[in-house]
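Work the whole structure out from these sequences, hints included.
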Amino acid sequence: HETMRVTAVLEDYLEAIYNLSRSTGGARSRDIAGALGVHKSTVTSALKSLGQMGLVHYFPYEAVSLTIEGEKVAGDVVRRHETLRRFFTDVLRVDPEMAEKAACGMEHSMPREIVDRLAQFAGKYQDETGKKRKNAKCG
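Just so we're aligned, residue 25 is where the sequence shown starts under the numbering used here, counting upward by one.
No wet-lab data here; the hints were simulated from the structure.
Just so you know, even glycine gets a beta-carbon here, dropped at the ideal spot from N, CA and C.
Heads up, a few of these hints could be off.
[Said to hold, decoys possible] Derived Cβ-Cβ restraints for the label pairs, each shown as a range:
no.: 1; residue 1: Gly50; residue 2: Lys96; range: 13 to 21 Å
no.: 2; residue 1: Asp140; residue 2: Val33; range: 22 to 30 Å
no.: 3; residue 1: Arg103; residue 2: Tyr149; range: 17 to 25 Å
no.: 4; residue 1: Val115; residue 2: Thr68; range: 36 to 44 Å
[Unchecked claim] Below are the DSSO-like pairs computed for lysine-lysine, each with C-alpha atoms no more than 27 Å apart in a straight line:
no.: 5; residue 1: Lys96; residue 2: Lys64
no.: 6; residue 1: Lys96; residue 2: Lys72
no.: 7; residue 1: Lys148; residue 2: Lys64
no.: 8; residue 1: Lys148; residue 2: Lys125
no.: 9; residue 1: Lys96; residue 2: Lys125
As structure tokens, then:
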């Protein structure tokens, strides 16, 4: 594997591939471009980088899939995103659209330990208030 760092931008690609794979059964370059609002050539460049890092199986004109390591990284990004979004909406009562945007921005820079503590706090808060967790889907 390359020793390149997975940047926030590349994490967005992994997250998009993860979500597309679950919702449509596969992730094609055009779908990834649409999900991220970028040009298809930009997607190709990112997929090549992710492929060199051993995080995706990428072959031109075929659907992209995550490797086992890619699944781990993408799953962690998605978990951080969901935890932050839920904390903002369920605990802080932030508007869902604003919470989604904030979670997208913060998921890359928030250390795992802090996200874990936010999740623990939210769980305790919800236990005390009796508020049931929502399991909304991010898009």
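Evaluated hints:
no.: 1; hint: Gly50 - Lys96: 13 to 21 Å; in the structure: holds, 20 Å
no.: 2; hint: Asp140 - Val33: 22 to 30 Å; in the structure: holds, 24 Å
no.: 3; hint: Arg103 - Tyr149: 17 to 25 Å; in the structure: holds, 18 Å
no.: 4; hint: Val115 - Thr68: 36 to 44 Å; in the structure: holds, 40 Å
no.: 5; hint: Lys96 - Lys64; in the structure: holds, 25 Å
no.: 6; hint: Lys96 - Lys72; in the structure: holds, 19 Å
no.: 7; hint: Lys148 - Lys64; in the structure: violated, 44 Å
no.: 8; hint: Lys148 - Lys125; in the structure: holds, 25 Å
no.: 9; hint: Lys96 - Lys125; in the structure: holds, 23 Å
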